[in-house]
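Fit chain B to the supplied structure of chain A, relying on the hints for placement.
Protein chains: 2
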Amino acid sequence: MAKKLTDINDFGAVNLLDRITVAAEVTQPSTVKGIGDDAAVTDAPAQQHVTATALQLEGVHFDLTYTPLKHLGYKAVVAAINKIYAMNVTPAQIIVSAGLSKRFAVEHVDELFDGITIACKRYAVDIVGISLSSSLTGLALSITATGAAPKEKIVYRNGGKPTDLLCLTGNLGAAYMGLQLLKREKTVFEGNSHAQPQLEGYNYILERYLKPEAQKEVISLLDENHIVPTAMINLSEGLASETLHLCKQSGCGVRIYLERVPIAADTFKIADEMNLDAVVAALHGGDDYELLFTLPVTLHETITRELQGIDVIGHLTDVSEGAYLITPDNQAIALKAQGWNDDSQ
Amino acid sequence: MAKKLTDINDFGAVNLLDRITVAAEVTQPSTVKGIGDDAAVTDAPAQQHVTATALQLEGVHFDLTYTPLKHLGYKAVVAAINKIYAMNVTPAQIIVSAGLSKRFAVEHVDELFDGITIACKRYAVDIVGISLSSSLTGLALSITATGAAPKEKIVYRNGGKPTDLLCLTGNLGAAYMGLQLLKREKTVFEGNSHAQPQLEGYNYILERYLKPEAQKEVISLLDENHIVPTAMINLSEGLASETLHLCKQSGCGVRIYLERVPIAADTFKIADEMNLDAVVAALHGGDDYELLFTLPVTLHETITRELQGIDVIGHLTDVSEGAYLITPDNQAIALKAQGWNDDSQ
Numbered sequence: 001m002a003k004k005l006t007d008i009n010d011f012g013a014v015n016l017l018d019r020i021t022v023a024a025e026v027t028q029p030s031t032v033k034g035i036g037d038d039a040a041v042t043d044a045p046a047q048q049h050v051t052a053t054a055l056q057l058e059g060v061h062f063d064l065t066y067t068p069l070k071h072l073g074y075k076a077v078v079a080a081i082n083k084i085y086a087m088n089v090t091p092a093q094i095i096v097s098a099g100l101s102k103r104f105a106v107e108h109v110d111e112l113f114d115g116i117t118i119a120c121k122r123y124a125v126d127i128v129g130i131s132l133s134s135s136l137t138g139l140a141l142s143i144t145a146t147g148a149a150p151k152e153k154i155v156y157r158n159g160g161k162p163t164d165l166l167c168l169t170g171n172l173g174a175a176y177m178g179l180q181l182l183k184r185e186k187t188v189f190e191g192n193s194h195a196q197p198q199l200e201g202y203n204y205i206l207e208r209y210l211k212p213e214a215q216k217e218v219i220s221l222l223d224e225n226h227i228v229p230t231a232m233i234n235l236s237e238g239l240a241s242e243t244l245h246l247c248k249q250s251g252c253g254v255r256i257y258l259e260r261v262p263i264a265a266d267t268f269k270i271a272d273e274m275n276l277d278a279v280v281a282a283l284h285g286g287d288d289y290e291l292l293f294t295l296p297v298t299l300h301e302t303i304t305r306e307l308q309g310i311d312v313i314g315h316l317t318d319v320s321e322g323a324y325l326i327t328p329d330n331q332a333i334a335l336k337a338q339g340w341n342d343d344s345q
Numbered sequence: 001m002a003k004k005l006t007d008i009n010d011f012g013a014v015n016l017l018d019r020i021t022v023a024a025e026v027t028q029p030s031t032v033k034g035i036g037d038d039a040a041v042t043d044a045p046a047q048q049h050v051t052a053t054a055l056q057l058e059g060v061h062f063d064l065t066y067t068p069l070k071h072l073g074y075k076a077v078v079a080a081i082n083k084i085y086a087m088n089v090t091p092a093q094i095i096v097s098a099g100l101s102k103r104f105a106v107e108h109v110d111e112l113f114d115g116i117t118i119a120c121k122r123y124a125v126d127i128v129g130i131s132l133s134s135s136l137t138g139l140a141l142s143i144t145a146t147g148a149a150p151k152e153k154i155v156y157r158n159g160g161k162p163t164d165l166l167c168l169t170g171n172l173g174a175a176y177m178g179l180q181l182l183k184r185e186k187t188v189f190e191g192n193s194h195a196q197p198q199l200e201g202y203n204y205i206l207e208r209y210l211k212p213e214a215q216k217e218v219i220s221l222l223d224e225n226h227i228v229p230t231a232m233i234n235l236s237e238g239l240a241s242e243t244l245h246l247c248k249q250s251g252c253g254v255r256i257y258l259e260r261v262p263i264a265a266d267t268f269k270i271a272d273e274m275n276l277d278a279v280v281a282a283l284h285g286g287d288d289y290e291l292l293f294t295l296p297v298t299l300h301e302t303i304t305r306e307l308q309g310i311d312v313i314g315h316l317t318d319v320s321e322g323a324y325l326i327t328p329d330n331q332a333i334a335l336k337a338q339g340w341n342d343d344s345q
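Taken in order, these protein sequences are the chains called A and B. Each residue of the first sequence is one higher than the last, beginning at 1 in this note's numbering. Each residue of the second sequence is one higher than the last, beginning at 1 in this note's numbering.
Okay, chain A solo, but in the shape it has when bound (with noise of 0.2 Å):
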């Protein structure tokens, strides 16, 4: 038999917001007062402050049938806090804001901050502000996250130069076949609802979409490099548009080499079993969370040497000579963006 779940106005937002609150420890120095007062307060002497908020809708961003709460909740975290990274920053605090429609039990919502706790637990990250409404049509969720750090350790999109190296962390693409497994699985789910989900041996690619890692680790090897980027960018969207963000704003053109782009065997595998294109998905994918960013090519020993799991997958040029992928067969394909949100800060 099921388990009766709480209705939660029967409950109340208080009653539910004091259960979520219990999990919420404050273990940031920097955070001066939490949850349960008007405004967050944080306090960084010194040091200049960071802000940006994750804005993620059901049907858009996320779909229930395949995304676990638990996983979501961890998600939508990192998605918020890898923007703080993407600074050069270490995030220390996030807000969250539910919108809740009338489906979710009180037990819905412990999982969603299971896994919201689970992901402020791994990156040491404060819950400074929790506020609950409900929705009429889904879940919305709004995470902003704050960090500080001294004035000359903040990265911009701005600050590449031509010849400067474009390196990238960990592999493009998986996230977004991992998603297309997923929907391959709900169709067939939705034709037969007597069918069992395959997903076995899928587990690397369906990781990385379901709880995905923000960029914390390759932050602090920076930082014991005494490697300040000169330009860095987030990898929410695919690398084609991030990449021309980035150039945009830095006034530089590029060439990436294909060849150079990371992409996992796993996701060239399942690719051709379902008939797509790995190297699409690395391009226009998204969800990736792995930071693109720039260094002076006066690094390229120390970053070979010293920055494990980066790689140089090309280099800025003069805005004059555009931007372009460079194929294996020395080609030259203009790179373009897809895809409609933009998620500038």
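Quick caveat, the hints were computed from the structure, so don't treat them as lab data.
Pairs count within a copy or across copies, as identical chains cannot be separated in the list.
Okay, derived cross-link-like pairs now, DSBU-like style, lysine-lysine, Cα gap no bigger than 30 Å in a straight line:
no., residue 1, residue 2
1, K151, K121
2, K121, K248
3, K153, K211
4, K4, K336
5, K4, K70
6, K102, K186
7, K248, K102
8, K102, K183
Same frame as chain A, now just chain B:
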């Protein structure tokens, strides 16, 4: 003939963002980096930073059949920045995230951001981030506001002491009555689409609902008089539930004297017409965006003399004395919260 509207998807998110960004000047010295990066950067040396988010969802927080988009934009800014004023801090920046469903055209987005921009000019706030995405089901609008102030100026909900005077800006219940009037006209219109809305003579309550103002002047007035409240809270829900929040956090009881609760003559008049209770509107109505704060009883004369427009509506007591509303005939009615939404930060 109706003017042809521009489809958002044809226009593209990047173009739409550029179009909106033009109006977003940087005027605040604390704004280091505004729109166009992964996060906003602010700087206010030797100050603490205050951050709050207000998430507004179509059908729950607003109804576009009677809320013009321009007013919605203005009001959403007020809802967010009033949380910063409620910390006794002047807001300086906002970040806007909007989810737009297919029925919104470029011109609609212009109207929304017109309202946002007008509010930002009125309150001297910079727009430091804009993020646009699609939405399956309606308009979702998340506004994050930030500000900074010296530590000793920031006012929390938890500093109230027994005998402190309970002070209120403005008057209550007008916005709620404005909403009831708009709902009534909507119902009439749905019954007969040739009906013209009967809104004449109701300007005051309509404006209180459609174009509320944030409490900038009161915060300046307190500052000019070197007064720092002991506790303060934003009245986004009704007086009853917000008073209970303040009391709970301050560990106090409270007595509110009903005849001292300011209700506008127009609010009483329309309540009579519509067979509604103006006092219930004041206690539980919400959307007032007034501030409730406490001051030591020793300041009573100063309040009367210097703080124009501030009413003393009661006082805090020892927690053992409970939370009561005292009627003119000296009956004590236990204060109770109503409604579902919770708006602690």
